[in-house]
Amino acid sequence: MLNLSDLLFVGLVLSIVALSPFVEKAKLPTSALVIIVGVLIGPAGFSLLAFTEGIRLFSELAIVLILFYAGLEVQWHRFVIALRPGFYVALAGIVLSALLGMAVSLSFDSNMEQALYIGAALAATSIGLSVPLLKQANLLQTRMGQILLAAAIIDDVLAMYFLSALHTSLSAQGDLGRLVVGLIIGALVLILVALLNAALASLLKKTLFDGRVVLVTGLLFIGALVSGAVTWAVDMSLAVGAFLSGAVMAWSGIGQKYRVPTHIFERLFSVATPAFFFAIGLQITAISFASNTLWVFAIAITVAAIAGKLLSAWVVPLALSARDRWVLGTALIPRGEVGLIIAGLGLKQAHLNHHAMMALVVMTVITAIVAAVFVPVCARTKWRVPVSTPNDE
0 MLNLSDLLFV
10 GLVLSIVALS
20 PFVEKAKLPT
30 SALVIIVGVL
40 IGPAGFSLLA
50 FTEGIRLFSE
60 LAIVLILFYA
70 GLEVQWHRFV
80 IALRPGFYVA
90 LAGIVLSALL
100 GMAVSLSFDS
110 NMEQALYIGA
120 ALAATSIGLS
130 VPLLKQANLL
140 QTRMGQILLA
150 AAIIDDVLAM
160 YFLSALHTSL
170 SAQGDLGRLV
180 VGLIIGALVL
190 ILVALLNAAL
200 ASLLKKTLFD
210 GRVVLVTGLL
220 FIGALVSGAV
230 TWAVDMSLAV
240 GAFLSGAVMA
250 WSGIGQKYRV
260 PTHIFERLFS
270 VATPAFFFAI
280 GLQITAISFA
290 SNTLWVFAIA
300 ITVAAIAGKL
310 LSAWVVPLAL
320 SARDRWVLGT
330 ALIPRGEVGL
340 IIAGLGLKQA
350 HLNHHAMMAL
360 VVMTVITAIV
370 AAVFVPVCAR
380 TKWRVPVSTP
390 NDE
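Those letters in the sequence shown? Residues 0 to 392, by numbering that gives the first Met the number 0.
Misleading hints may appear alongside valid ones.
[As the list claims (entries may be wrong)] Simulated restraints, written as ranges between beta carbons of each label pair: (1) GLN348 - ALA198: 24 to 34 Å; (2) ALA25 - VAL212: 27 to 37 Å; (3) ARG322 - VAL22: 28 to 38 Å; (4) ILE190 - PRO375: 34 to 44 Å.
Quick caveat, the hints were computed from the structure, so don't treat them as lab data. Please read these numbers as outputs of a predicted model, since none were measured by experiment. Glycine included, C-beta positions come from ideal geometry on N, C-alpha and C.
Please work from the sequences and hints to get the whole structure.
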């Protein structure tokens, strides 16, 4: 049963949604600001709102919605066009960011579990932040824009699988045999989830469901929940199953067949995103912002996050100009949706302490601002490169 704190949480989330257009118009990092509001209202700030079981449930449902919609929005034809260069850029960004993040973490704290989760959080790129920046600069349809989109998609998929493998390995308690078996089971479960969603997609394409918007929307959401529950049952996250469910639906063309349900999920996404980020802020307990160590750690993590993605556009051989590489690298810098989901799950599973979580929040704010400022600067001069002729062998 909902209590006063739960109702207050819902009211605050709806207020945040109502104010979001004004925040976005001011080009401020909405997600990061919502987390900060949660920190200030929650135990780390003025203790006006506690993190209840009801709020925890809301946040977990939000994870499912966020990742399902992210999967549903995958543009597979664009992904295929820029697959090879996008894969190389994504892999370079993941490896460099994760290694730099782990190195920074271990230099402050010898906790390897925490270092691995920080590496996983830094590995991802926020599609929700990077893609709008390129849209505003009219560069999303260029070859560089296509590479960015493919790299960001691959980033998200690999980062979430990295999290699943990471959680499985930590649960294995150092037993190599259990780790290998766990990873094999995880891979088989992902295949099973993909097949089940493909079957659901085939069912939804039948004429029986034509015009039944509410029913289709409900079945899609149930499919995402079941997919998340299945991956959760084998010690992977809800997010992995939900994202895979959405991606399979995108591949099958469900998003094109049922435009109205897609728009419904878009509206739900606009509510789920601040709900989850607000809940992350509420989970953080009292932390001394006067701690020099915390700020040095946060700045070091931020530098690692920026350097890892910038370098990824330069270490991979691409048929791009220096200017294109700067735009690509800068657009990959912002973290957010997937990175913070990984960080939030790490905090929930006690693999991250609150200082590490706060450092990741600070990193999210700074990387969002850096990208918002420097992508337009780097992209000021326009160029034209046909999307259909990528030559990045």
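We went through each hint and held it up to the structure:
Here the CB-CB span from GLN348 to ALA198 is close to 31 Å, well matched to the stated 24 to 34 Å. Checked against the given bound of 27 to 37 Å, the beta carbons of ALA25 and VAL212, roughly 35 Å apart, stay inside it. Distance hint for ARG322 and VAL22: a CB-CB separation of about 30 Å, consistent with the stated range 28 to 38 Å. At roughly 42 Å, the beta-carbon separation of ILE190 and PRO375 lies within the given 34 to 44 Å, and the hint holds.
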